[in-house]
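Number of protein chains: 4
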Amino acid sequence: MTPGYYPPPLRAAIVGTGGISRTHGRRIRDLGSSVVGICGRSVASAEGLAADIGGGDVYTDVKEMLDRLRPDVLHVCSPHGHHAGQARAAIERGIHVVCEKPLATSADDARAAMELAAGSNVHAAVCLTKRSYPMVAELRSRVMAGSIGTVVAVRGEYLSSDNCHDNYGWGFDKSIAGPSYATADLGLHWLDLVEHVTGTPIALVDARFSTTRPVRIRDGEEVAIDVEDYVRVFIELADGTPVSAVFSGVTPGQPNGCAIHVDGRDGGLDWRVDTPNQLGHRPPFGSTEILDRDPPRLSAEAQRRSFAPAGHVEGFGDAFRNLFRDVYWSIAGTAVPYPDFVDGFRVATLIDAIRASAERGTAVEVPAPLERHAR
Amino acid sequence: MTPGYYPPPLRAAIVGTGGISRTHGRRIRDLGSSVVGICGRSVASAEGLAADIGGGDVYTDVKEMLDRLRPDVLHVCSPHGHHAGQARAAIERGIHVVCEKPLATSADDARAAMELAAGSNVHAAVCLTKRSYPMVAELRSRVMAGSIGTVVAVRGEYLSSDNCHDNYGWGFDKSIAGPSYATADLGLHWLDLVEHVTGTPIALVDARFSTTRPVRIRDGEEVAIDVEDYVRVFIELADGTPVSAVFSGVTPGQPNGCAIHVDGRDGGLDWRVDTPNQLGHRPPFGSTEILDRDPPRLSAEAQRRSFAPAGHVEGFGDAFRNLFRDVYWSIAGTAVPYPDFVDGFRVATLIDAIRASAERGTAVEVPAPLERHAR
Amino acid sequence: MTPGYYPPPLRAAIVGTGGISRTHGRRIRDLGSSVVGICGRSVASAEGLAADIGGGDVYTDVKEMLDRLRPDVLHVCSPHGHHAGQARAAIERGIHVVCEKPLATSADDARAAMELAAGSNVHAAVCLTKRSYPMVAELRSRVMAGSIGTVVAVRGEYLSSDNCHDNYGWGFDKSIAGPSYATADLGLHWLDLVEHVTGTPIALVDARFSTTRPVRIRDGEEVAIDVEDYVRVFIELADGTPVSAVFSGVTPGQPNGCAIHVDGRDGGLDWRVDTPNQLGHRPPFGSTEILDRDPPRLSAEAQRRSFAPAGHVEGFGDAFRNLFRDVYWSIAGTAVPYPDFVDGFRVATLIDAIRASAERGTAVEVPAPLERHAR
Amino acid sequence: MTPGYYPPPLRAAIVGTGGISRTHGRRIRDLGSSVVGICGRSVASAEGLAADIGGGDVYTDVKEMLDRLRPDVLHVCSPHGHHAGQARAAIERGIHVVCEKPLATSADDARAAMELAAGSNVHAAVCLTKRSYPMVAELRSRVMAGSIGTVVAVRGEYLSSDNCHDNYGWGFDKSIAGPSYATADLGLHWLDLVEHVTGTPIALVDARFSTTRPVRIRDGEEVAIDVEDYVRVFIELADGTPVSAVFSGVTPGQPNGCAIHVDGRDGGLDWRVDTPNQLGHRPPFGSTEILDRDPPRLSAEAQRRSFAPAGHVEGFGDAFRNLFRDVYWSIAGTAVPYPDFVDGFRVATLIDAIRASAERGTAVEVPAPLERHAR
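Residue numbers (the working numbering), protein chains in the order written: chain D, 1 to 375; chain H, 1 to 375; chain S, 1 to 375; chain V, 1 to 375.
Derived by calculation from the structure, the hints in this document are not laboratory data. Cβ coordinates follow ideal geometry from the N, Cα and C atoms, glycine included. Warning: the hint list may mix true and false statements.
Computed list of chain H residues with no C-beta within reach of chain D, every gap over 10 angstroms [said to hold, decoys possible]:
#1 42
#2 93
#3 169
#4 257
Here are some of the chain S residues that sit facing chain H, going by a computed Cβ distance under 7 angstroms [stated by the list, open to error]:
#5 257
#6 278
#7 360
Far from chain H, some chain V residues (derived; all Cβ distances over 10 angstroms) [as the list claims (entries may be wrong)]:
#8 220
#9 291
#10 294
#11 336
Looking at chain D on its own, in the form it has when it is part of the complex (with noise of 0.2 angstroms):
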């Protein structure tokens, strides 16, 4: 059964009332559920963000809410540090999970959260949410059709200009957002699509973590950075391709840049999140296509989340609201794939695997993704 637009309606509450907890309650809203509780750190907090989509009831503490109101699904999109635990917290009682990404700031405290939830009935969902572009499906889906050939390389970025200045923010303390900045806030996504578009696993990560910025200005006073704002990393998938990526919080004039560009013997694909309607192709000599999103010209998996025709841009909304109708749909009983605390768990995995490598300086081997990982 192909699922509608809209799956059947839920009662979601958000824990989390900063500026992606806003995308949640109004995607969460498009799909046609409603929001009946936000949890903030205060009452005006939570306040602010009822008053901003429209309703539910306001919480500081996400048991007490949990408890109260029983929704269908908690929506986390605290800071980094919160996500596990609240994650638990939900699934603990029964309850499905949107959790933000990174599902944890360890890889020990998301594989508790993903054994909860393995050992439970609920979905547990991770906002890796560049998946649910329909171009990066139909990157996947060429890839997987072999239309570039065997994969030689991939090549990419996650540069992002959101601490081009020098002032502190949450994301800057360990004790909030874990022990990393650039790599679990940016380059997660990236490493994900990785493993997502090719289908091979990642075996070996080496990368060099920078402080671009070591000081940032706190209440008018200095304080010293201890979290990489810069990341170069080398990776090998498991069957020995070459993989390179820079990840960023500091590149002047890159409001969002993650690009990834997969090489094989017969051709290149190459996308962007910035222009996320296009798709290039790149045969080996003299010329390069451009894809349109163009509907009836896609894969199912990219036809599937895309509504407007060729040349009416979807973006960054569309994108959210995809993934939300696909866990919805899911916990509606039409099984629908969508990133899980499975894949929330590998991304925390890389991510740990990337921070003792660039602590060590040297190449770090990546466990396996779990078996039943398929993706």
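Assemble the complex: chain D is given as a structure, and chains H, S and V must be docked to it using the hints.
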């Protein structure tokens, strides 16, 4: 007062069940409003749309639907020839209207609808949706602020590959779609943009129509086509500024090629709907600046239409939601500018003048816009 | 026989000492030929050019130069109003001519020069240099080979920011530059391209002229400008194909914006002189192909104009050298096609017709090209 | 003194008869100099080049050619392994040298050639030709002028599709081309650019080599390839700036993909060799500026390498001519900076270090450049 994201919810009805009806239905629901009724040519088509957008009672007679359901607002998404009559049916019942473009297939019909709306208490909007893209608002703000100096020329095009085939469709049937295809279906957006972003009305049009595919196939039989699929037009603004454009429904590889270039004495500005998050700003010499949609750096009118951070693409769905949101807030008593039936009449006047010019092969003067036509 | 890179060396003379004279002088020498004489308005200006291009005797009277030096070829690089007369002086002496565009400032003058050339044994070329870019040859070859099907429309522009200021220059003086600026200086390249790449002559022109900067400053004083700096034009080809263009010398941020778009029933082709190594090929739906100038993959006519490998940019200098090379080989007895005085007369005819149309504000028929006008 | 376009003419000889020899021969002649001798592996190959570039006596022994012809300058265009020896042969005879890159296939050989040159009176240049593009000079000038603030990172790549096939070629034969392919043939340009535009030497390299096509076909038989065709490299500059790059000879659809991105605290700069007339300038937020090569708006070092107006593309041939022109003027006694054997040795040192790093799989320190190495 700055209106919030969600206007107070309305009970909406839709007449018409084609592709654009789905967009309306989904965007209505995005705003937290509901679709209570759907009117189609057949029960089956209305039921199809109802299934797709999650409900709504089904009708085949729009007046019956309006009388029985008494919706707050009617969205008119039917073939062009029905727009004005169905809009009037709503207005006569004191029901607000959001009408797909064109408002009518003749200026006379548009005038009648406009006058009916003017004498009523309803809000009556026309989907001149390009205005709802943030970077169109930015383009207009920059022109108005004098950042390119006096405007000396406007160039552009609305190219589409929609009909780069030989199939017949209702868009070619004058009795359904009215006497113009490429002008009334595509060009009108561009004509509206010219007046909207320059703030200066069109005074003269001089057009040439072509039918590049004069025969199309319906049910295996050849049908002679007598509406234009390719338009070349010269325009003069009231201050004498020269303008030129091409409107086409038969241009290969242009799924949605609406582009406008405004040239001033001190610079130029460029926008395209298929890369809507960018605005080109050309100083006379030495460089071109590509402006990103970065909310804190935009004009107020652009900012209020922009919800995602820079680099996080907003597109077609966002523009429609922006338009409906402005109308719904206005219905709720918070006045927000939106393209209304005065604009709809204006555009119909322009289409009629262009058609008359093409028929005669000479320039045709366009009456001044109505006095209250503050843009 | 395929001519080699270097034609047999010639003794060339140049009349005119502005910027384009330097380009001629250098490209003549690139081919191994020598510049034996330079004629300027003053000894000083001629000496300046001689110093710059490494020699040549200096004259202020072109006939004297021709009589004394008896060069093989005269390159006419003077202001437009002198072109035809100086070309005639050379032809009368049996000296070959390479004349900058336009051949003359009226069709009558161009015809006289053409007829003189036709009755002589000299080669007489006009610098319609856009034809000498490899990807223009490729565009033409693809149209001729039917790769986009029957041509249904041509669009484009020649935009320049040359005069985005208020300074006067000789280009605005009718007694020196002739009665047209934007058409005769810029648009003529585009007009020639349309006939060249489609193989179909222009039958009708319908133009509107604007002077967006009607006052300019010479020596601190205001001068009224009465030639056009902005042109809008409709064109019909002999087979009825609709064509439209803008020619402008006052468009900000367009240092050399010559672009042509040829749309056919089965696809479209796009070329721009400021990215001359690429050719866009648009199938009707789904993608656009960006063709690289990759010599082994080009048509014969494109290949013979292309010397660097793909990705190694060829440009303006290469195009001029290609043109001169074709003329010099022809002079040496190896016939290679180049734009000649028949083409120069054709273009002058088109300019005159456009000017007449703009004056009258109506369409003007253009006579068919001369019989021998095999393109 | 500003040197003119044409340096005093020299008598040049060329050793090597492949594609790049043609480029040398033509650009030598562009400058008004002559090619008096050509040395090939066979008389036939030398005669082929002589026919192509219009003459020159033919030799198969470079020393014999030098002794007999006593040219002013030798252009070394042979396979890599012969560069240093042939350059030395010229220097020993007091003959100036323009040597294709790399100067040598090992740092030791490069040092010997450099030292020989240093003790002589000859000018000895290496074709690090990217420096001769005007917008590279502009990029360097802007970095030096502080327009992007302190450099915090450099990213980039040299990708080529040259060997996206299975054919063998001499570039894979260590005895002819030396022990590196992708680094020594492509990457060296990028390595030189990094030091050239930042003004800061490379202090550490950490590279990984891949051979993505380990078997190629020669004369119908399989040959095992043991040089790298794909390189990933981390670099640290002497001030700790992190740098990363990919060099590849096997990337589909990248005929000449050399790109460098220099990121500073206050902005970033981007350049690509396949669109060499543009330079991207990224402020931290809000927009990207695309700078045109517009001579009057460029830095002095960029201006002196730029001869065509903005929008009139300069490319590959122009860059080679610029380089030779600088060398020839220097030979004539007008000192103009050009990449010399000190630079050639520097690059060979970097290649050796990268190779050593790749072999060991660890970072390798790079000695500081020679003292006089003023860039």
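To see whether the hints hold, each was checked on the structure:
Residue 42 of chain H, annotated as away from the interface, keeps every beta carbon of chain D farther than 10 angstroms; the closest lies near 20 angstroms. At roughly 27 angstroms, the least C-beta separation between residue 93 of chain H and chain D is larger than 10 angstroms, which holds for a residue marked as non-interface. Once the 10 angstroms rule is applied to beta carbons, residue 169 of chain H is consistent with being away from chain D; the minimum gap is 14 angstroms. The beta carbon of residue 257 of chain H is not kept farther than 10 angstroms from every beta carbon of chain D, the shortest such distance being approximately 7 angstroms.
Given hint, residue 257 of chain S at the interface with chain H, is violated; its Cβ is 10 angstroms from that chain's nearest Cβ, farther than 7 angstroms. A hinted interface residue such as residue 278 of chain S counts as satisfied when its beta carbon comes closer than 7 angstroms to some beta carbon of chain H; here the least separation is about 15 angstroms, so the hint is violated. Below 7 angstroms, beta-carbon pairs count as interface contacts, and residue 360 of chain S has none with chain H, the closest being about 12 angstroms; its hint is therefore violated. With a cut of 10 angstroms on Cβ distances, residue 220 of chain V stays outside the contact zone with chain H, its closest approach being about 42 angstroms.
Look at residue 291 of chain V: its CB is around 5 angstroms from the nearest CB on chain H, not clear of 10 angstroms, so calling it non-interface is violated. At roughly 5 angstroms from the closest C-beta of chain H, the C-beta of residue 294 of chain V falls inside 10 angstroms, breaking its exclusion from the interface. Every beta carbon of chain H lies more than 10 angstroms from that of residue 336 of chain V, the smallest distance being close to 26 angstroms; the non-interface claim holds.
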